[in-house]
Amino acid sequence: MPTPDHDDLDARFTALMRQIDAEQAARMRRAGRRLDRRRRRHDRSHGARRRVTLAAWLAVAAVAAAGAAVTLRPDLLPAPSSSGPVPEETRPVATRAPRVVAAPDPFAGSPAAGFADGEGGLVLPPARAMAGLSAKEVGAALRHARALLAASHLDRPTLAGERPRPFIALLSSEQRRGFLERLDRKKGWNSRWWVTGFAPGTAELASDVIKVDGDMTVSAGRRDGRPELRVHVYYLFVYAIRRPGNRGPRCG
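Quick note: the sequence shown uses UniProt numbering, first residue 1, plus one each step.
Careful: at least some of the hints might be erroneous.
To be verified - Cβ pair distances, simulated, as ranges:
hint, residue 1, residue 2, range
1, Glu174, Ala129, 23 to 31 Å
2, Glu174, Pro200, 39 to 47 Å
3, Val123, Gly221, 37 to 45 Å
4, Pro244, Arg128, 45 to 53 Å
5, Ala140, Glu174, 13 to 21 Å
6, Leu180, Tyr234, 22 to 30 Å
Honestly, the hints are just simulated from the structure, not real lab data. Predicted model only: the values in this text are computed from it and were never measured. C-beta atoms are modelled at their ideal positions from N, C-alpha and C, and glycine is treated no differently.
Throw the hints in and build the complete structure from the sequences for me.
Take a look at the structure:
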């Protein structure tokens with residue numbers, strides 16, 4: 001079986017990134033606007049005086065030793081609001097993770113070789129007081145953003161297409177209700193777009209390492225006359241994958 005040509009990975013990776021479909025980007029923007037309108041209606045009905053917004057455009061790349069598949073996934077999630085206890089059904093539980101099979105380093109010679117491993121790549125900016133929030137509150141919002149990113153793009157059972165329990169547990173009661181109502185819908189908007197997952201039976205992780213590169217920034221703004229904390233994230237998640245049962249270095 002031929003070995004992968006790592007010298008060509010950089011060029012192919014760049015070419016794939018340029019092929020992101022315009023309709024996908026438009027769909028992301030529409031989803032973000034829907035969430036933003038829903039959050040504003042909720043704020044007005046509850047008399048909220050300040051908000052935290054997580055505005056995320058995550059380019060998620062699934063990279064195998066012999067090729068890559070690039071998709072865009074939106075995450076525009078408000079920061080945590082006060083909510084009741086997390087229902088038992090949504091609490092994280094021990095579930096079967098996707099099988100990890102031994103393989104040579106699939107990232108060697110690729111652009112992702114220099115990326116950080118897993119949550120080590122989700123570095124928080126310094127927290128300082130802004131938008132009517134204390135430095136402690138800003139820090140809590142940033143940590144919540146990092147937890148959402150880890151749960152939606154690094155959790156092994158979620159990647160395997162299972163129920164995204166850690167992500168669900170991090171949502172407020174209102175967010176959780178809307179997410180569950182739309183999870184895995186066959187028609188209309190499917191909230192599974194908020195997380196990364198491989199269709200069952202189509203792929204398995206070829207490494208226990210997920211490469212992460214990007215940054216997170218925080219800024220103060222105003223909306224509807226009220227102060228607003230905005231957390232912006234842009235991250236590239238790179239997964240080494242192969243077809244299930246294929247122990248060779250290539251896919252297919």
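Evaluation of the provided hints:
{"no.": "1", "hint": "Glu174 / Ala129: 23 to 31 Å", "in the structure": "holds, 27 Å"}
{"no.": "2", "hint": "Glu174 / Pro200: 39 to 47 Å", "in the structure": "violated, 29 Å"}
{"no.": "3", "hint": "Val123 / Gly221: 37 to 45 Å", "in the structure": "violated, 22 Å"}
{"no.": "4", "hint": "Pro244 / Arg128: 45 to 53 Å", "in the structure": "holds, 47 Å"}
{"no.": "5", "hint": "Ala140 / Glu174: 13 to 21 Å", "in the structure": "holds, 19 Å"}
{"no.": "6", "hint": "Leu180 / Tyr234: 22 to 30 Å", "in the structure": "holds, 27 Å"}
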